[in-house]
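Each chain, written out:
Number of protein chains: 2
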Amino acid sequence: MPNLMFLRILPFIGALICMLLAIVFAAMVGKKNRGTPRMVEISNAIFVGSRAYLNQQARIMAIFFIVLEILFGIMVIFGYLQWPSLPAFATGMGFSLLIGYIGMWISTTSNSRVTYAAQKKGLGEAMNIAFTAAAASGLLLGTVALFDTAFWFNILYWFYNRSIPDPALAMENVVNILITFTIGASFAAFFMRTGGGIFTKAADMGADYVGKVESGLAEDDYRNPATIADNVGDNVGDVGGMKADSLESWVGAIIATEFLGFLAFKGSQLMVNSIILPMIISTAGAIASILAIFIIKLIVSRYRENATVSKLTATTLAGLLITVLAIVILSYFTVRYILGPDYNFLFWSSLGGVLAGFLIGLFTLIYTDSRYRPTRNISESAKSGPATLVVNGLAYGMESTLLPALTVIGVMLFSFYISRGSSDIKMGLYGVSLSAVSMLAVTPFAITIDVYGPIADNSGGIASMTELPPEVRRTTDKLDAVGNTTAAIGKGLLIGSAAITALALGQSYFSKIELLNLQVLLDFMKDPKILAGLFTGVMLPFLFTSLLIGAVGRAADKVVVEARRQIKDIMSGKSKGDPKTFITIVTRAAQRGIIAPGIMIFAIPVIVGILLGPGGVVALIIGTLLSGFAQAIFMANAGGAMDNAKKKIEEEGRSNTPEHAASVIGDTVGDPLKDTAGPSMNILIKLISVVAIETAVLVTDLSGRLFHF
Amino acid sequence: MPNLMFLRILPFIGALICMLLAIVFAAMVGKKNRGTPRMVEISNAIFVGSRAYLNQQARIMAIFFIVLEILFGIMVIFGYLQWPSLPAFATGMGFSLLIGYIGMWISTTSNSRVTYAAQKKGLGEAMNIAFTAAAASGLLLGTVALFDTAFWFNILYWFYNRSIPDPALAMENVVNILITFTIGASFAAFFMRTGGGIFTKAADMGADYVGKVESGLAEDDYRNPATIADNVGDNVGDVGGMKADSLESWVGAIIATEFLGFLAFKGSQLMVNSIILPMIISTAGAIASILAIFIIKLIVSRYRENATVSKLTATTLAGLLITVLAIVILSYFTVRYILGPDYNFLFWSSLGGVLAGFLIGLFTLIYTDSRYRPTRNISESAKSGPATLVVNGLAYGMESTLLPALTVIGVMLFSFYISRGSSDIKMGLYGVSLSAVSMLAVTPFAITIDVYGPIADNSGGIASMTELPPEVRRTTDKLDAVGNTTAAIGKGLLIGSAAITALALGQSYFSKIELLNLQVLLDFMKDPKILAGLFTGVMLPFLFTSLLIGAVGRAADKVVVEARRQIKDIMSGKSKGDPKTFITIVTRAAQRGIIAPGIMIFAIPVIVGILLGPGGVVALIIGTLLSGFAQAIFMANAGGAMDNAKKKIEEEGRSNTPEHAASVIGDTVGDPLKDTAGPSMNILIKLISVVAIETAVLVTDLSGRLFHF
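From first to last, the protein sequence lines are chains A and B. The numbering used here puts the first residue of the first sequence at 93, with every later residue one more than the last. The numbering used here puts the first residue of the second sequence at 93, with every later residue one more than the last.
Okay, chain A solo, but in the shape it has when bound (with noise of 0.2 Å):
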């Protein structure tokens, strides 16, 4: 047997790791020359923004929080949680917020220093720069998600043992809680993803729209006061929104595997070793993700004088590979050396989770990337106008949900096949929500590409801002360049695993629910409510994204008439122009948008449990996954892919041609449904599981109470 103390303490000898060598990346970043005192000034600007932004996120977050805390105390005076849940939200909900100011500061301070970089040094160091403040933020992340799921964890192992003798039941206490602290980054993941979302595609909507199409200005412009708003955007949408998000999946997945686990082992020998499992296969991903950074740093330094964007992307791309495996091959050792080798298929099953992950993400890239026919054939249509451009962007969107899937089905069936003959479904869940969180150990190297992008386009802003020559603004566009390929497969294995997580938590729910000696039928052909409650799921995504959106296109509205009356000022040399406005303009809009779906991500679930019973819960949540996944996919696909056909037009030289304005629109209608609805969609899946596995006894109890099921 292994030795227990041992593998508790690991995860905390990785977050140390993590956490030291941040601070080291911060550092070397810091020591670099922060660039001309106008590059400076601009830079100072967004992150003024960034932060007032953050700020007010904060104040709303922290009303949210309060009423939550409240409505989770009575529960607790109730008997219906224990009270550890209160703390566990906070420091769930608190550390989400904590890296999304760190990454935005991080990102902030970097810009100019690229963009300097840039203009002296040329494309080899300005990535360096880049990458060595990405992989800071990466490797923070790391830290917090190691440390606070093994926190948690200890903390909870030792209370609870040592209050209550029967170790199966103490474990059950110790998971139950751990899931509201996922409740907490879950609920602070949703707020930073779609408020970020909202502010930075309104933002870039808007100034892109009066910018480009309608004066015929340059991305980045000077002349457009709207701009410093959009690179605010990049900085707390794509890097505190995702940071937020991609911790959020990680947790959710490694807590959902401790469920099942406890589940699938409960009462047994290896019950402990199941819930550490998860943990310690993200400690092995958090090391692979710092060797394979080591290996990009140690590349790009040979590289320096004459680095390519196709080389950097091999980079990259041979990093993402080389965590990957790397975390498969650990995998297996710890599986082996933690479980035993009697549990192999749960190896093979995690290994057909990751490979569906590395499918997903090639089909995303296929549908995305100029050099596939969905986006030649897109860029094609510009030909014949705006109108056609998007309705092909909305049909390959759509068309390309079919193969990521189908790559579900099929290993989901995998799963349940291989580990048929051991135990029941909780182990095939098992073994499937255990290749999620393989998926997602490579979340510090997958961060640290994501987070390079908008500090390269950052870099981009201050150049053109600050009238650098065009060749500098090329250098960055090609930093920018260098991370898409790599981090298009890391978004399709974040998606392929929260369809994975959600899948598991919707089992976890239903476990919950048999734990209270319900008998539930899930028969939708037997029970009307079960009908209804998977009706209400798969309509949720389209009510969601239909929030989201408008409420981007409502901002945007709102921009264009700001940006054309100062751009008119500008232009006319009556005034400077005021960026100031557009910031409050969108975070107020940012703001709105949240609230309304906010509350109902947490009332759904209970009402939908109060009206349907449990049965009509786990139809809900099945409901929401399928037709969540389908949305997802479809958004950010057609999104990404209208994208990359204007890339392709931009790039063929025919930037100031019709066909060009017909793919500036493809793009902005992309926009709001890639980077707002698209990833808000895996949160709104799981939130809607772990609301409801939260309150499922006390839904399950009123519900009995008032309707007598």
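I should point out that these hints are in silico values taken from the structure, not numbers from a laboratory. The structure presented is a predicted model; accordingly, all values stated were derived computationally and were not measured.
Copies of the same chain look alike in the list, so a pair counts if it fits in one copy or across any two.
Only pairs whose alpha carbons sit at most 27 Å apart, straight line, appear in this in silico DSSO-like list of lysine-lysine:
| hint | residue 1 | residue 2 |
| --- | --- | --- |
| 1 | Lys666 | Lys475 |
| 2 | Lys475 | Lys739 |
| 3 | Lys672 | Lys660 |
| 4 | Lys212 | Lys124 |
| 5 | Lys650 | Lys740 |
| 6 | Lys475 | Lys660 |
| 7 | Lys475 | Lys668 |
| 8 | Lys739 | Lys213 |
| 9 | Lys475 | Lys650 |
| 10 | Lys358 | Lys618 |
| 11 | Lys672 | Lys475 |
Use these hints to put chain B onto chain A, whose structure you have.
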């Protein structure tokens, strides 16, 4: 006990009355002045184009028909099907095509007459002619629906009651073969609807974009050579497709209800009565439609001199209300008479269904009429460019799925609970299903209003192309506006009833599986195959939408390129343009576009059945239903709202502004959503179900042999 013989003959009497009146109405229209030679010439060109398209489509359908009949023949040989299925399938398909042809013929003979009347006699007389022609179309559909269902029922009843002594077994054969009959109707409808939809929207998008946006020509300008194809599209899509679709829905609802009636009353004294009931309600609907048509004709003839749009709109709306009210009253007595007072609750659940249909219609109106906030906001957002407008349009479209879904959920739960005491779930579904029949029994009237629109549209096209004074076009535009509100509500009825019919069909499939004495567990937390089936089902509507709107986009591309070329030549006086090339382009596109979906719609239920077993198929049906319903409403309303936003801007006299250009782009994006993919969702949902039912025994056998389920 009611007299069964009388009841069995009643639908034939209804069919006869409908046919006689249709002939009278057609003759009345025929007596009107055909208009100037130029009008007749254009009308003929539209007729020739429509016929050419229909002939081409009939050829494709014939190929599919032959292949399917051979496959069915093989199934007959191996005992998986009864031989009368072969002719039943043939008439289902044949009648659908026939009324497509006749509808097209009526429309194209009346359009120039309406133009002439609009020019010489004003709105009232123009409306009179258009309405009379449309009524002939609507009643003809009534004839076919009543005759065809009654004919097959009576023939099969006679045949199997003679050859099989056990009445339950005899009826089982009857309802099984009736399903084959609806497959024919559904399959024809699928071709007519999607093929017509691809045709009409590709022509429309191309003609509009090049004509209106690029060349600044008015709608239907005689210099735009793609205009004839656009007008042909109105006939083949909005007349031919719509009629085949409605026939399919109505007949499908009748037969699904008969199937459920058989299941609910199997072996009881009331078995045959319950199967006859939906046909009697349908006959009542035809009679009620005739009543409403006469009332409207009376009112219109009194208005003749001083007709206004609002008066005429109120009149058609009143007509719809009268029809529905008459059906409800007649249903009450019919249910009492045929099943006795013990089954009164069936009337109540049917009434709930009708109300739900009305509500869905109202919601459609709210989300697409320019008097209400959504469309107003969309037209407002034209100010900030096409992208914001499209994003807002999509957002409202998605939002609009909420209330209809809740309504369907509500009526479903209501019907189950109201029938709970007396019987099982099948009885509840029989009640819900009766409501679909009641809703669809308004079809003869609804089709009258629906067909009336394209006739008015065509007559406007003729007015523009013959360069009549603009006030004539204004008159025909008013004429077009008259039916819109009523048609929107009618569409809601169709969508709502389709969802309910699909639900009934899902249950029919499930019951058929039970008849085979198979125990199927539909618990998606216990059997991953169920989850896989659900997942596949939820994804299908995305896939089909992408195939259909992708086909439209590609064809529109070609139309744009060709129109650009021809208009350039026309404007420079080099040529007179060649409208026929457009008809060829879009006909080919439509042809190609329907082949893949046509094959898939048959292959998918079979493949899923073989791989996942019967449980997976039930899940497939349910998944397709839920996601298809949401998609259908999203697309119909997003498209409708953007269409009306454009019309609102035009009505406000802002036809040459950038806002108008933005709204045209929005309309063009929405077109394939609302008129190609949206309406085909209903047929997709139902075809998946009926094909599954038809192949249930075969597939279960194969699946069992291959995978030992």
